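Trainee: Produce the entire structure from the sequences given, and follow the hints as far as they go.
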Amino acid sequence: MSSTFLGMPATPPRSPYGTGNLRGDRKFPKAAHDELRNEQLRRNLGRATRTIRAKRLNVTGELPDWEALREAGSAIKTDTMNRLPELLEQLERKVTERGGTVHWARDGVEANEIVTRLVKATGSSDVIKVKSMATQEIGLNEHLESVGITPYETDLAELIVQLAHDKPSHILVPAIHRNRDEIRQIFLKEIPGVDPGLDNVPAHLAAAARAYLREKFMTTEVAVSGANFGIAETGTLAVVESEGNGRMCLTMPDTLITVMGIEKVLPRYQDLEVFLQLLPRSSTGERMNPYTSMWTGVTPGDGPQDFHLVLLDNGRTAALADRIGREALNCIRCSACLNVCPVYERAGGHAYGSTYPGPIGAVLTPQLAGMHAAKGDPNSSLPYASSLCGACFDACPVKIDIPSLLVELRHQNTEQSGTTAEKLAMKAAATVMKHPKLFTAAQKGAGIGRLVGGRDGRISHLPPPFNGWSESRDTAAPPKQTFRSWLASAEGAQAMRAAAGEYEKNRKQKEEEK
Amino acid sequence: MTTARETVLGRIKDALALAPTPDTTVPRAYRTGRTLPDDERLALFTDRLVDYRATVHTCTADRTAQAVAEVLREHGARRIGVPAGLDPLWLDAYDGEVQQDSGDIPAPRLDALDGVLTASAVSCAETGTIFLDGSPDQGRRALSLVPDLHVCVVDLSTVEAGVPEAVARLEPQRPTTLISGPSATSDIELERVEGVHGPRTLAVVIRTDR
Chain A
1 MSSTFLGMPA
11 TPPRSPYGTG
21 NLRGDRKFPK
31 AAHDELRNEQ
41 LRRNLGRATR
51 TIRAKRLNVT
61 GELPDWEALR
71 EAGSAIKTDT
81 MNRLPELLEQ
91 LERKVTERGG
101 TVHWARDGVE
111 ANEIVTRLVK
121 ATGSSDVIKV
131 KSMATQEIGL
141 NEHLESVGIT
151 PYETDLAELI
161 VQLAHDKPSH
171 ILVPAIHRNR
181 DEIRQIFLKE
191 IPGVDPGLDN
201 VPAHLAAAAR
211 AYLREKFMTT
221 EVAVSGANFG
231 IAETGTLAVV
241 ESEGNGRMCL
251 TMPDTLITVM
261 GIEKVLPRYQ
271 DLEVFLQLLP
281 RSSTGERMNP
291 YTSMWTGVTP
301 GDGPQDFHLV
311 LLDNGRTAAL
321 ADRIGREALN
331 CIRCSACLNV
341 CPVYERAGGH
351 AYGSTYPGPI
361 GAVLTPQLAG
371 MHAAKGDPNS
381 SLPYASSLCG
391 ACFDACPVKI
401 DIPSLLVELR
411 HQNTEQSGTT
421 AEKLAMKAAA
431 TVMKHPKLFT
441 AAQKGAGIGR
451 LVGGRDGRIS
461 HLPPPFNGWS
471 ESRDTAAPPK
481 QTFRSWLASA
491 EGAQAMRAAA
501 GEYEKNRKQK
511 EEEK
Chain B
1 MTTARETVLG
11 RIKDALALAP
21 TPDTTVPRAY
31 RTGRTLPDDE
41 RLALFTDRLV
51 DYRATVHTCT
61 ADRTAQAVAE
71 VLREHGARRI
81 GVPAGLDPLW
91 LDAYDGEVQQ
101 DSGDIPAPRL
111 DALDGVLTAS
121 AVSCAETGTI
131 FLDGSPDQGR
141 RALSLVPDLH
151 VCVVDLSTVE
161 AGVPEAVARL
171 EPQRPTTLIS
181 GPSATSDIEL
191 ERVEGVHGPR
201 TLAVVIRTDR
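Just so you know, the sequences run in chain order A and B. Positions 1 to 514 (the UniProt record's numbering) are the ones given, in order, by the first sequence. Positions 1 to 210 (the UniProt record's numbering) are the ones given, in order, by the second sequence.
None of these hints come from the bench; they were simulated from the model. Source: prediction; values computed, not measured. Beta carbons are placed, not taken as given, at the ideal position from N, Cα and C, and that holds for glycine. One should not assume that every hint holds.
Stated by the list, open to error - Chain B stretches covered by chain A per the calculated footprint, using a threshold of three residues with CB under 8 Å from any CB of chain A:
#	segment
1	3-17
2	56-62
3	67-78
4	83-97
5	113-121
6	128-134
Claimed, not checked - Computed Cβ-Cβ distance ranges for the label pairs, DEER-style:
#	chain 1	residue 1	chain 2	residue 2	range
7	A	Gln185	B	Ser135	41 to 49 Å
8	A	Thr219	B	Asp51	55 to 63 Å
9	A	His33	B	Asp23	29 to 37 Å
10	B	Ala43	A	His33	48 to 56 Å
11	A	His33	B	Ser135	51 to 59 Å
12	A	Ala54	B	Thr55	25 to 33 Å
13	A	Gly46	B	Arg34	34 to 42 Å
14	A	Gly46	B	Thr55	52 to 60 Å
15	A	Val194	B	Arg53	22 to 30 Å
16	A	Gln185	B	Arg53	24 to 32 Å
17	B	Asp51	A	Pro342	27 to 35 Å
18	A	Lys423	B	Pro22	33 to 41 Å
19	B	Ala43	A	His411	33 to 41 Å
To be verified - From the structure, some residues in chain B lie toward chain A, with a derived Cβ separation under 8 Å:
#	residue
20	Val50
21	Ala107
22	Arg141
23	Leu145
24	Ser180
25	Ser183
26	Thr208
27	Arg210
Mentor: If you want it as structure tokens, here you go:
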């Protein structure tokens, strides 16, 4: 393609509108408003995020070279993006040399079709799945079901979500919004042949899942996985997990289909020495996750003998074309930013409407799927789902400057959205602030704002077009008097004289002490 | 017709042309090439394994068979699987049934075993991680996965201090499994439960003079 490359480069397309799971059905403030009423969710989230935060700080704090590892991780990812074409071609070559087959997918629709075709070719009507963000993003399960193939999620939390016909709400702990009683109910209702005396003890619930899935692992001929890393130099793929369901899926079936976003490639095998330290410590707060599987193509006599790697674009190249936004592609899906985010901790993952929630989701989702501001796209609200406190930047193991990306996306959204009430208001404010007399008059006028303030001196409802502001926050009513008018008053003048006297007294006292 | 491959590679090149960034060199200022004396590596590795609730037993090489037999007896393993390349001397003191693994045995049949005994390739003390690489004394991946008990023999000389030192000893082409304790989940209210799909018990026998 590069040899025929002529003329201006074209901006790559986003993930097609209306496909996959990269867009909710309502804007963040509306969704968050409802989620906030779910007390169970808030309790679970609060407890869970607090626990992981403490564990993460413990295990990152014990490494004296943690910052050096972050620097290296960040630079490796940046270098990867700069050299993406050659690295992907190298990965393809190495996987092929080792007996694997590489497929390319322009978007989620195409990836779903490829996977379906490969599953059908095996004659199997079931697939077992390892937890995978990429296949969740493209809605693979929904697609497989629509063509009569049954996908079985094998990660415990994904299983809970699937059995409850629900959506994941956290990258790492997808069923974080469910408590043990709810999970017991889901299992009793949805697992065929489950012991009706099942109680709500987590170990017993896990045992019920083990018994249910054991048979699937032993009999299902096809597995679908994602990949945490794909090494260009050697063609090695890696999946990081805890429960052993990953090992089962990657080992037991005859056919393995791995769907990997193109940004997951790493240049060198040696780079694993960095990411195998950064990922588990940031993600679960463990020194190392229980299991990591690494495989290179096909190994005769060991594991799947038919291996397919599907390389997925689905808007990643569109993100790559944005010099600032591109940084979001460096994400290694650890979810540390979710756990430290005050907004995520309260609103939960569902409010973001996307497979990718939390701070990273708020920058990654609009990059992959776009923000069609004019169409009232829910994604256009995501860059505002943040207080810009910066905790996510500090926690990110590859140093993605999420707050700056959010601000850039807000800027892009404003540029795209044409004339809005907010824009007009800002323009008016600029004019007023340039002219002192107008400014004084406007400040006096603002005192009238007290009239809309409630008894508690808060404004919680404003008429359109300002209701967008008041819907998501209470605003203190303006004071009776501006600072400037107070300063010009007799009371102000007296306060200033008293302050000057105090200052003079202190100065003299200090001189005497010397 | 343009293939998806050409399209995606073309888009990447377009994207890089639209938003060029300067070349980056990777600063590798983190710790590499660390060495620790034997006793410190042993102490660190043991501490980390115990933290994951694996059981740890130490012995000298000449006592391997006794140590292995004792661990298997402790866990009531009457019928175990072993990879074809395992040192047969390790089984000298074990009186249970031994099934030598071969590719002809369908992997689901391994479910009938009480446990499995394997060697290991490399370990990392700082994270308590054992690396299996499918060598003849470790066997195919299904063997160390399906049975509920995994007894793993580790030579202290293969235990490296940190992750970079351990990764440097791996052969990338081999199917490699990193094991840090028994399988676990924290998916229900973040309460840790040991033992989901992988072996629910991991017993490590460290040979201190090898």
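Trainee: Should the hint that Arg141 of chain B touches chain A count as held when the rule is a Cβ pair under 8 Å?
Mentor: Since chain A brings a Cβ to about 4 Å from Arg141 of chain B, closer than 8 Å, the hint holds.
Trainee: Quick check: the segment 56-62 of chain B, covered by chain A? Criterion 3+ residues, Cβ under 8 Å.
Mentor: Since 0 is below three, the answer is violated.
Trainee: Is the shortest C-beta separation between Thr208 of chain B and chain A less than 8 Å?
Mentor: violated (23 Å)
Trainee: Cut-off 8 Å, C-beta pairs, minimum 3 residues; does the coverage of the segment 3-17 of chain B by chain A stand?
Mentor: holds (count 15)
Trainee: Okay, the segment 128-134 of chain B and chain A, do three or more residues pass the C-beta test at under 8 Å?
Mentor: Answer holds; 3 residues pass the 8 Å Cβ test.
Trainee: Within the assertion that chain A covers the segment 67-78 of chain B, do at least three residues meet a Cβ-to-Cβ distance smaller than 8 Å?
Mentor: With 0 residues in contact (Cβ-Cβ under 8 Å with chain A), the coverage given for the segment 67-78 of chain B is violated.
Trainee: Take the shortest C-beta to C-beta distance between Leu145 of chain B and chain A; is it under 8 Å?
Mentor: Given a least distance of 5 Å, the restraint on Leu145 of chain B holds.
Trainee: Can you tell me whether the CB distance of Gln185 of chain A to Arg53 of chain B sits inside 24 to 32 Å?
Mentor: holds (30 Å)
Trainee: For the pair Ala54 of chain A and Thr55 of chain B, does the Cβ-Cβ distance stay inside 25 to 33 Å?
Mentor: holds (27 Å)
Trainee: Measuring from beta carbon to beta carbon, are Ala43 of chain B and His411 of chain A in 33 to 41 Å?
Mentor: Cβ of Ala43 of chain B to Cβ of His411 of chain A: about 54 Å, so the range 33 to 41 Å is violated.
Trainee: Note whether the CB distance of His33 of chain A and Ser135 of chain B lies within 51 to 59 Å or breaks it.
Mentor: holds (58 Å)
Trainee: Should the hint that His33 of chain A and Asp23 of chain B are 29 to 37 Å apart at their CB atoms be regarded as holding?
Mentor: For His33 of chain A and Asp23 of chain B the Cβ distance comes to about 47 Å; the hint is violated.
In summary, the numbered hints that this structure violates are 2, 3, 4, 5, 8, 9, 14, 19, 20, 26 and 27.
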